[in-house]
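Visitor: Each chain is listed here by its residues.
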Amino acid sequence: MRPFVALPAGVHRILFGAVVTLSLSLSGCASMHDPQRIAPLATTPERAAAVDPFEPFNRQVLRFNLFVDDLILRPAARVYDRLVPELVQRAVENVLGNLHDPWIAANGLLQGKPAQAASDLGRFVFNSTLGFFGVVDLASEIGLPKHREDFGQTLATWGIPAGPYLMLPGLGPSSVRDTLAFGVDYSGSLKNHVDSSQARALMSGLDVLQSRARALPAQPFLEQALDRYLLIRDSHLQRRRSQIYDGDPPDTP
Amino acid sequence: MTLTDLTRFLARGLAASLLLAASVQAQTSAGTAPTAAPATTQAPDEFIRSLSQTVLDRIRQDPELRAGDMRRVSRFVDDTVMPAVDFERMTALAVGRGWRQATPEQQRLLMAEFRVLLVRTYAGAISQVKDQQIRLKPQRPPTEEGDVVVRSEIVSSRGEPIQLDYRLSRTPAGWKIYDLNVLGVWLVESYRNQFAQEVSARGIDGLIRSLSERNRQFAQAKS
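Just so you know, the protein sequences line up as chains A and B, in that order. When we follow my numbering, the leftmost residue of the first sequence carries the number 1, and every step to the right adds one. When we follow my numbering, the leftmost residue of the second sequence carries the number 1001, and every step to the right adds one.
For reference, chain B alone in the conformation it holds in the complex (with noise of 0.2 Å):
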């Protein structure tokens, strides 16, 4: 594997892993509706195939959200996206030790940044949302815990399928999505240790500064 090739996996994988369950389109007949089972019910794979039907249907119908528009994908994120997700877990994961010695107010705002960091992301990814199509693949039975892996893969006209999977749990809520794994490379475990380094440097202030940062220079550079 050379650095070209793990560039270029990143760079598939940025498309893919920023439609979170989005980029694509179910397979089956395209006027499915979604299903009204409600989400406790439901079979993950099922929540899967229907959350990324309303991501992909809303981002086809929306052309500011595929140009990119800050707002407007922070927004569609915060609606559409979010609600499936446990993003205090995936981002507790993430921060790993430190979780627990942060604060609420530590843990808001870690939550918070990374959200931004992880939005800016996804709107870069919006764009390459093209003819793609979901194909889920054999699933595995749950853990003990009620969590489960769904897999499944990105398919277009142009290209290798993508990878991308998920680990969800079930929550009194319905499904949860809390990590997503694009080419092998799940989202949590890639910022582990760099959120640990900055940690064990700096405290927990020292990583919301410094995510902070970043994400005040890439706010700039846009702009």
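Just chain A, same shape as in the assembly (with noise of 0.2 Å):
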């Protein structure tokens, strides 16, 4: 559990203890192949209902969000995708890209998957030596892509639902697990570990600041949803799922 990066002495045991017992408390005994305790998906409106039970809350918090996004976050990643240049923007991916790396690879680890997650190690190591600190995805080039991974995605594949889904103030749509999780994807990211608190808090600017600026393209996209909540919600608890299973789902009832 503590592959690659020193983590605050028993920070898992407890997150993954609290995961476990609120999971299965919330959800009941989920059987670990069963693809929709997994990962639920809101089909029908009844089955909305079971998966979303906070939906007026979620609502509230989602009105939240896009009011900052409105106000702060997107203003100012329009100004950002006008100053920076496309190359730059690609080496700010990278260089953030590479440092998460390596808790990809221990994700894939405890998913059972030894060869992708050797994988993204070489990538790390390569990446952070020829690809002079990771601005050069050079991995990619050679055959060894970017996977995506996360303690969260990790949980699902140990059989834990999903829960409640969930729309977090500032952070966006998520359920009761991957909350859960996002606090071990936090300490387990090499980002959140460099010595500086002021080069941590100028990466965690840049990474918002930078996806931001690239998800500029789909705001007509958003913007014609009948309901945005509803596309949001419903866009995200396929990706998810998804993920979960790696782009290959099996088929929903």
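Honestly, the hints are just simulated from the structure, not real lab data. Take these hints with a grain of salt, some might be off.
[Stated by the list, open to error] Label-pair restraints from in silico Cβ distances:
id	chain 1	residue 1	chain 2	residue 2	range
1	B	P1083	A	H193	46 to 56 Å
2	A	L87	B	P1083	34 to 44 Å
3	B	D1078	A	E86	29 to 39 Å
4	B	T1171	A	P114	17 to 27 Å
5	A	Q60	B	R1202	20 to 30 Å
6	A	E46	B	R1060	28 to 38 Å
[Stated by the list, open to error] With a straight-line Cα cutoff of 25 Å, these simulated SDA-like cross-link-like pairs (lysine to any residue) come out:
id	chain 1	residue 1	chain 2	residue 2
7	A	K191	B	G1159
8	B	K1130	A	S119
9	B	K1130	A	Q89
10	B	K1130	A	R82
11	B	K1130	A	V84
12	B	K1137	A	D246
13	B	K1130	A	V92
14	B	K1130	A	P217
15	B	K1176	A	D248
16	B	K1176	A	D251
17	A	K113	B	R1135
18	A	K146	B	K1176
19	B	K1137	A	S119
[To be verified] To give a feel for the contact side, a few chain B residues facing chain A, derived at Cβ under 8 Å:
id	residue
20	W1099
21	Q1163
22	G1184
23	D1205
24	R1209
25	S1210
C-beta: ideal position from N, C-alpha, C; glycine also.
Reassemble the complex: the two chains are provided individually, in unrelated frames, and hints are given to aid placement.
Guide: Written out as structure tokens, the structure reads:
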């Protein structure tokens, strides 16, 4: 559980215990291989009510998030996107992504995918050295593609159900399981173990701006929704399910 | 997954999705001629590959199209994309239970408004066509009803591959696409609850009104 970086002692154990207890108590006993339990979809209004019992609360949080986005985040990202050349933006993404790769490798390993984990570790070694501290993603060029794993997915493959859907202030769509896993991801990422607190703050800021800038072209897509809340929720639930099954989930009934 | 993650994936999805079969250049040699085999005997992944090639070529040859001119895009969608899509099935699936209660006239209106909604999004995505290529992934056997999923990804010099899958059914007129999946999200599924909510609150006519209102707002915002 503490593969590549030193973590505050016991954090994982406590968090993991909390995750297990909470998700189990919220969703009853889940069978490991029932995909609906691992990643429920809101395919019908009845199902949606079961997956999203806190909808009124979640809608309020989304309202707040969109308000902050309209007011601060999106305007800032527009300025950033206009000022920073594409090449630099790529470098920012690569450096931040590189610092996160060891944790992705660790999750691959925890999910029983040693080959993928080795590849991700190889990415980190290769890009940190020949890729000049991760500025250039050379590893992708030589056939070590980027993967997307996180601790929430790891828990899912262990059979921990997602629990209710949650919209988190400032962080966006999640679930009870993924919210608890988020803390583990946070302490697992090298990004958050850089010595200087100023550097950490700079990186977090850049991360947010860069990600938001990349998403700017999606704005019309969000705005044409009949109900943004449902678009975001239903897309998120599908996306998560797809991630858990590495892009190839079994068909839903 | 954070809000920015989500919007980022929506953004990348936008680029991919709306190119429907598009943004893509078949990875086999660039000079491969479109398959001559009739669509019914063609393998579904070959169908997607040659459709993608056609769509991409036409986008690359047409600057007005790339600029997102709505009338141009609309005509392009009708001529090139729609013949490959079972749009009635797509709309029916998105509307869900309400579809069977709808009169033929309501169904016609639903299809028309849904089409405008999608074309509008498509228009924004066409400008993103650059050096993308399509890579077909191993296929799974078709279901008993003859439906099949073609799995692919779009690769480009910038960024990670974008997952793009299609659901196809075999019809007398050849393969028809009735749903597509961008980065794990099926298009139909992401509309279904939104549509169901409108139908249960305001009926089929209410859904038609909401859609046409949305489309009108966007048309005005553009001009």
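Visitor: Each hint needs a verdict: does it hold in this structure or not?
Guide: Each hint tested on the structure:
A hinted range of 46 to 56 Å holds for the C-beta pair P1083(B) and H193(A), which are about 55 Å apart. Here the CB-CB span from L87(A) to P1083(B) is close to 40 Å, well matched to the stated 34 to 44 Å. Between D1078(B) and E86(A) the Cβ separation comes to about 34 Å, which falls inside the hinted range of 29 to 39 Å. A C-beta distance of roughly 44 Å is found between T1171(B) and P114(A), which places it outside the suggested range of 17 to 27 Å.
Between Q60(A) and R1202(B) the CB atoms are about 23 Å apart, so this pair conforms to the stated range of 20 to 30 Å. For the hinted restraint 28 to 38 Å between E46(A) and R1060(B), the CB-CB distance of approximately 46 Å leaves it violated. Distance hint between K191(A) and G1159(B) is fulfilled; the C-alpha atoms sit about 20 Å from each other, no more than 25 Å. Between K1130(B) and S119(A) the alpha-carbon distance is near 29 Å, which puts this suggested pair outside the 25 Å criterion.
At most 25 Å may separate the alpha-carbon atoms for a hinted pair to count; K1130(B) and Q89(A) meet this at roughly 18 Å. Only pairs whose Cα atoms come within 25 Å are accepted, and K1130(B) paired with R82(A) is accepted, the gap being roughly 20 Å. At roughly 20 Å between alpha-carbon atoms, K1130(B) and V84(A) fall within 25 Å of each other, so this suggested pair holds. Of the pairs offered as hints, the one joining K1137(B) and D246(A) holds, with about 13 Å between alpha carbons and a cut-off of 25 Å not exceeded.
For the suggested pair K1130(B) and V92(A), the alpha carbons sit about 22 Å apart, so the restraint of at most 25 Å is met. Between K1130(B) and P217(A), the direct Cα distance comes to roughly 15 Å. Compliance with the 25 Å bound is thereby established for this hinted pair. About 21 Å separates the Cα atoms of K1176(B) and D248(A), which keeps this hinted pair within 25 Å; it holds. Proposed proximity of K1176(B) and D251(A) is supported: the alpha carbons are some 19 Å apart, at most 25 Å.
As the CA atoms of K113(A) and R1135(B) are separated by approximately 23 Å, the hinted pair is consistent with the 25 Å bound. For a cut-off of 25 Å, the pair hint linking K146(A) to K1176(B) is broken: about 33 Å separates their Cα positions. Restraint check for K1137(B) and S119(A): satisfied, since their Cα atoms lie roughly 20 Å apart, inside the 25 Å limit. A distance limit of 8 Å between C-beta atoms decides the matter here; for W1099(B) the minimum to chain A is near 14 Å, and the interface restraint is violated.
Checking Q1163(B) against chain A by beta carbon gives a least distance of about 5 Å; that is within 8 Å, so the hint holds. Here the hint on G1184(B) is kept, as its CB sits about 3 Å from the closest CB of chain A, short of 8 Å. Annotation: interface hint on D1205(B) violated; nearest CB of chain A at approximately 14 Å, more than 8 Å. Taking 8 Å as the C-beta cut-off, the interface hint given for R1209(B) is violated, the closest approach to chain A being about 11 Å.
Nearest Cβ of chain A to the Cβ of S1210(B): about 6 Å, under the 8 Å cut. The hint holds.
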